[in-house]
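Let chain A serve as the given structure and place chain B on it in line with the hints.
First to last, the protein sequences are chains A and B.
Quick note on this note's numbering: the first sequence kicks off at 1 and runs consecutively.
Quick note on this note's numbering: the second sequence kicks off at 208 and runs consecutively.
None of these hints come from the bench; they were simulated from the model.
Note that beta-carbon positions come from the ideal geometry of N, C-alpha and C, so glycine has one too.
Don't take every hint at face value.
Dumping the calculated DSSO-like pairs for lysine-lysine here, alpha-carbon to alpha-carbon at most 27 angstroms [unchecked claim]:
id, chain 1, residue 1, chain 2, residue 2
1, A, K166, A, K134
2, A, K182, A, K166
3, A, K185, B, K222
4, A, K185, A, K135
5, A, K185, B, K224
6, A, K166, A, K185
Here are a few chain A residues that face chain B, going by a calculated C-beta distance under 8 angstroms [unchecked claim]:
id, residue
7, L34
8, L38
9, I46
10, Q49
11, T69
12, V190
13, G196
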Amino acid sequence: MGYIGPVANSKGILSTDTSPNGAFAEYLVIDPALVFTLPDDVPFEIGAQLGVSCYAACQALYQTLHLPTPLDPATEPIDILIWAGSSSSGHYAVQFANLSGLRVVSTASPRNFDLVRSLGAVEVFDYADSRTPKKIHTSTGGKLTHAVDCISDGMTPAQVSNCLSKDGGTIVTLLPYESRKKGIKTELIVVYSMWGEVSDFCHAQRC
Amino acid sequence: MLTHVNAQDVEVPMKIKGDRSHYDNAIFYNSMITQLLAKNLIKFSAVKRIPRGLAGVEDGFAYMISGKVGVLLPAAVS
Numbered sequence: 001m002g003y004i005g006p007v008a009n010s011k012g013i014l015s016t017d018t019s020p021n022g023a024f025a026e027y028l029v030i031d032p033a034l035v036f037t038l039p040d041d042v043p044f045e046i047g048a049q050l051g052v053s054c055y056a057a058c059q060a061l062y063q064t065l066h067l068p069t070p071l072d073p074a075t076e077p078i079d080i081l082i083w084a085g086s087s088s089s090g091h092y093a094v095q096f097a098n099l100s101g102l103r104v105v106s107t108a109s110p111r112n113f114d115l116v117r118s119l120g121a122v123e124v125f126d127y128a129d130s131r132t133p134k135k136i137h138t139s140t141g142g143k144l145t146h147a148v149d150c151i152s153d154g155m156t157p158a159q160v161s162n163c164l165s166k167d168g169g170t171i172v173t174l175l176p177y178e179s180r181k182k183g184i185k186t187e188l189i190v191v192y193s194m195w196g197e198v199s200d201f202c203h204a205q206r207c
Numbered sequence: 208m209l210t211h212v213n214a215q216d217v218e219v220p221m222k223i224k225g226d227r228s229h230y231d232n233a234i235f236y237n238s239m240i241t242q243l244l245a246k247n248l249i250k251f252s253a254v255k256r257i258p259r260g261l262a263g264v265e266d267g268f269a270y271m272i273s274g275k276v277g278v279l280l281p282a283a284v285s
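Next comes chain A alone, as it looks inside the complex (with noise of 0.2 angstroms):
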């Protein structure tokens, strides 16, 4: 039995005020409830991607957007997007979508629609197609209000926005925006709020 918390992901990022720390570290310190069991058929190397990747899912989906959970499922489809369904976050937000009973719309590249649909996605766009956003939002008829931005970067502010009702909706964000369409909201998640700690976020390329 292996226990896997935030610090065994691809940052090696523990609690930035935590002592002993240390991003390869092979054993480490960490409040026992922040941790989850890990199979005793899944080796750390595949353990490894799941801290940061499933914390800032169950964050989007349902300490922002409050959606039903896969422990108690949505018995009527809501529709929500997930932009960028092959990314890291992407690749769990879509099959946690998926598993909470929520129907899944997505974009990836070309390559990675089979990979995203695999995952639950009931629809995959390609995201880099303009016309992605209209499409989108035709198929959702015009009533999209939750979408999830695993990229935050770039076009992604508008494209997700321009999918979205014209009445408004969420947009959760993986790093900070605030979109130009009027009535949309975004949520900025940070997975190191989960210690319950006033803390400082520093986007590693930008300090």
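Chain B only, in chain A's frame:
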């Protein structure tokens, strides 16, 4: 420091407000993830194991810089 994301001002390091409910949520998420894993309901991404521990970090960065990350691997751990 003031920086820009999507042409919008962002102050870094960014102060994350503590929220006890996030901690309580995380306990629930861990329980749920444990259950989903036990039922084999989670599909993993393919990973590539870089050998030689810390000595392999340089090789790992070179592999990423080469643009090969994101290419589907034939086995879960290769």
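Right, here's what the structure says about each hint:
1. Restraint check: the Cα-Cα separation between K166 of chain A and K134 of chain A comes to about 12 angstroms, which is no more than 27 angstroms; the hinted pair holds.
2. Of the pairs offered as hints, the one joining K182 of chain A and K166 of chain A holds, with about 8 angstroms between alpha carbons and a cut-off of 27 angstroms not exceeded.
3. The hinted pair formed by K185 of chain A and K222 of chain B meets the criterion: a straight-line CA distance of about 20 angstroms does not exceed 27 angstroms.
4. Between K185 of chain A and K135 of chain A the alpha-carbon distance is near 21 angstroms, which keeps this suggested pair within the 27 angstroms criterion.
5. Restraint check: the Cα-Cα separation between K185 of chain A and K224 of chain B comes to about 19 angstroms, which is no more than 27 angstroms; the hinted pair holds.
6. Between the alpha carbons of K166 of chain A and K185 of chain A the distance comes to roughly 12 angstroms, so the proposed pair stays at or under 27 angstroms and holds.
7. Interface restraint check: L34 of chain A against chain B, minimum CB-CB distance 6 angstroms, threshold 8 angstroms, status holds.
8. A cut of 8 angstroms between beta carbons decides the hint on L38 of chain A: the least distance to chain B is about 7 angstroms, and the hint holds.
9. At its closest, the beta carbon of I46 of chain A sits 5 angstroms from a beta carbon of chain B; the interface hint therefore holds under the 8 angstroms criterion.
10. Interface restraint check for Q49 of chain A: the shortest CB-CB distance to chain B comes to about 6 angstroms, inside 8 angstroms, so the restraint holds.
11. Taking 8 angstroms as the C-beta contact cut-off toward chain B, the hint placing T69 of chain A at the interface holds, the least distance being around 6 angstroms.
12. Interface restraint check: V190 of chain A against chain B, minimum CB-CB distance 5 angstroms, threshold 8 angstroms, status holds.
13. For G196 of chain A, the interface hint holds, since its Cβ comes within 8 angstroms of a Cβ in chain B; the closest pair sits about 3 angstroms apart.
The structure agrees with every numbered hint stated previously.
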